[in-house]
Amino acid sequence: MMLAGGLALALALPASGTLAADAARGAALAEERNCGACHGARGVSAIENIPSLAGQQPEFIALQLVLFREGLRDVPPMEAPSSGLTDEQVEDLAAHFASLPHAPPEDRAPRNAEAFARGEALAGPLRCGICHRADLSGQNQVPHIAAQREDFLAESLRAYRDDKRRGSDTQMNGVVQGLSDADIAALAHYVAQR
Amino acid sequence: MPPTPWRLPLACALTLAISLPALAQQPAPAAAAPAASPSWAQGRGAEQANSPLAPHSPRLTATPADRIPVDAIRLPAGFRAELWASGMPGARMMTRGEDGTVYVGTRTIGRVYAIKDEGGTRTPRVLAQRLDNPNGVAVRDGSLYVIAINRVLRYDNIAQNPNAEPVDLTQAFALPTEAHHGWKFASFGPDGKLYMNIGAPCNVCDIDENKHALIVRFNPDGSGREVVGRGVRNSVGFDWQPGTGVLYASNNARDWVSNEVPQDTLHRLNRVGEHHGFPFCSGEAWQDPGHAGRVCSEFPAPVAMLGSHTAPLGMRFYGGTMFPENYRGRAFVARHGSWNRDAKSGFDVVTVTLNADGSRGTVEPFLTGLLDSGDNSFKGRPTDVMVMPDGSMLVSDELNGAIYRISYAR
Chain A
1 MMLAGGLALA
11 LALPASGTLA
21 ADAARGAALA
31 EERNCGACHG
41 ARGVSAIENI
51 PSLAGQQPEF
61 IALQLVLFRE
71 GLRDVPPMEA
81 PSSGLTDEQV
91 EDLAAHFASL
101 PHAPPEDRAP
111 RNAEAFARGE
121 ALAGPLRCGI
131 CHRADLSGQN
141 QVPHIAAQRE
151 DFLAESLRAY
161 RDDKRRGSDT
171 QMNGVVQGLS
181 DADIAALAHY
191 VAQR
Chain B
1 MPPTPWRLPL
11 ACALTLAISL
21 PALAQQPAPA
31 AAAPAASPSW
41 AQGRGAEQAN
51 SPLAPHSPRL
61 TATPADRIPV
71 DAIRLPAGFR
81 AELWASGMPG
91 ARMMTRGEDG
101 TVYVGTRTIG
111 RVYAIKDEGG
121 TRTPRVLAQR
131 LDNPNGVAVR
141 DGSLYVIAIN
151 RVLRYDNIAQ
161 NPNAEPVDLT
171 QAFALPTEAH
181 HGWKFASFGP
191 DGKLYMNIGA
201 PCNVCDIDEN
211 KHALIVRFNP
221 DGSGREVVGR
231 GVRNSVGFDW
241 QPGTGVLYAS
251 NNARDWVSNE
261 VPQDTLHRLN
271 RVGEHHGFPF
281 CSGEAWQDPG
291 HAGRVCSEFP
301 APVAMLGSHT
311 APLGMRFYGG
321 TMFPENYRGR
331 AFVARHGSWN
341 RDAKSGFDVV
351 TVTLNADGSR
361 GTVEPFLTGL
371 LDSGDNSFKG
381 RPTDVMVMPD
391 GSMLVSDELN
401 GAIYRISYAR
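Chains as they are written, first to last, in our numbering: chain A, 1 to 194; chain B, 1 to 410.
For the record, the hints were derived by calculation from the structure and aren't laboratory data. Treat each hint with caution, since some may be false.
Below, simulated SDA-like cross-link-like pairs (lysine to any residue); rule was C-alpha separation at most 20 Å, straight line [said to hold, decoys possible]:
1) B:K379 <-> A:N140
2) B:K116 <-> B:T101
3) B:K344 <-> B:V387
4) B:K116 <-> B:K379
5) B:K379 <-> A:I130
6) B:K344 <-> A:L179
7) B:K379 <-> B:A343
8) B:K344 <-> B:P365
9) B:K344 <-> A:N140
10) B:K116 <-> B:P365
11) A:K164 <-> B:T177
12) A:K164 <-> A:L179
13) B:K344 <-> B:S377
14) A:K164 <-> B:P176
15) A:K164 <-> B:R130
16) B:K193 <-> B:T244
17) B:K379 <-> A:Q139
18) B:K211 <-> B:T244
19) B:K193 <-> B:N161
20) B:K344 <-> A:Q139
21) B:K379 <-> B:P176
Residues from chain B that keep clear of chain A, each with C-beta distances beyond 10 Å, as calculated [to be verified]:
22) A54
23) H56
24) S57
25) L60
26) A81
27) G110
28) Q129
29) D156
30) A179
31) H180
32) R271
33) G290
34) E298
35) T321
36) N355
37) D375
Here are the simulated distance ranges between beta carbons [as the list claims (entries may be wrong)]:
38) B:N163 <-> A:E32: 24 to 34 Å
39) A:A182 <-> B:S258: 49 to 59 Å
40) A:G178 <-> B:G293: 38 to 48 Å
As the structure is a prediction and not an experimental result, all values here were calculated from the model. Yeah, the Cβ is synthetic: ideal placement off N, Cα and C, and Gly gets one too.
Sequences and hints are given; from them, build the entire structure.
Okay, here's the thing in structure tokens:
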């Protein structure tokens, strides 16, 4: 729950003159931590419920890595990969994944016109396009969601709705409150097809 | 080095179901929120439906000392700003222990930092982590109190025993569990009681006037809850005027009315239990058309207008002697800076000089330079102010995870 001792709690204070985030260092670290085994060699996931990270907003990646490392977002498979990351390594990893070309997953299903239309009709009033921007490419801590894996999007939306996940605040919990599983499926399909 | 699971591709074959987060050890955070729209969009008019304004992103990684904008800070003649401590992502509210250790609360990153001055060097350490918005920190009789939404933890003899396990007082305080505006500012009053805010769980909504939009006080053990002020939408900073002992509090008014209305305010809590207007009346006697059940004339007027959407948070009276005579007794207010305003405002520290009876105040800029009105950008977010025993003043900057020291020399 809460670590008491000073043990392992010494802050990794950045050395003065630290360089800004470095995508090349991040690439080496991603290789070392084997991120590609789950997230795809080029950051485009081919595995159910595992998000693609290629072309993601760097601030979003940094935020999530910190939440994993600090034990504030509990996704067991991310526990070991995020443990012990310094802040600089977090920023390097974020720069690396942000620099990879964004692409839909190879196994993306064909568009279902009915589900797409239903999802689109929901996305408008929910104002997804304000924070995530009209093209759903995100900004700052708000993730790029267009062409993300549909299964992962649905899983995430359910987690927000059911209060099993929070961002840096409760915005998404409020947005998806009360959506049915069918609504979420349509929304996920629409976003995945964008 | 032991084998590390991330080296095994099998890791992703393991169960990937998102399990309940660590935070679920506390009551579900947003479940109680009654609104269908996210709180940041509540109250948004049709003409603002497509406004791109949204809360600013937190930065949860350390900003290297050489990139902290201390040189951008502007102060009145004779004052000087220096970087006092850094490397504390999300640093917000400050308190000081009897041994001089400064404790710093945070929000998203869930940490409490401790900074001890050892021979002029100050190395922050993480005192507690994995907490839910541990914004409130206060010290009394050698114990550090940390308030994280509804959780209250007491670290006894913290100076002698910096690694003490806390005593959990959560049940005794029985605070509401809403996350929205649920982060606390906490401080011990001259009466020895622990004061804190309980914000409105929304941008604007009907509230239970005994449960939300309050400043409350407790005995240090969590007993004796008493409403000190009600109708205070969200105060994240308050202090008692030296001499009179009267409580003053900063307050954040609602969003999405317009760029200029209503203003954020400074209030004087003259009478225990008094109602200060929310959700009916805000700012400079602005009547909320959606909440017309009571009118502004029923409520005490704020002492000072602190600007629209500026987000005044930490606020303390200057009781030191280092600053020139005319600064003594003034309230210093850290304005975190706006998000719900096209032209950004705040991102500074202002002073409020009170009149003789303490009922009205005059606002003046003090610490500026972090907001660039030219390109509508900001370099830092002042969050709390705290007067040190030598009369200097610490200012926390949440964006840069830093604390500045403001001193004066003739």
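Violations among the numbered hints, reported as their numbers in ascending order:
Structure breaks hints 3, 4, 5, 6, 10, 18, 19, 21, 22, 23, 24, 25, 27, 28, 30, 31, 39 and 40.
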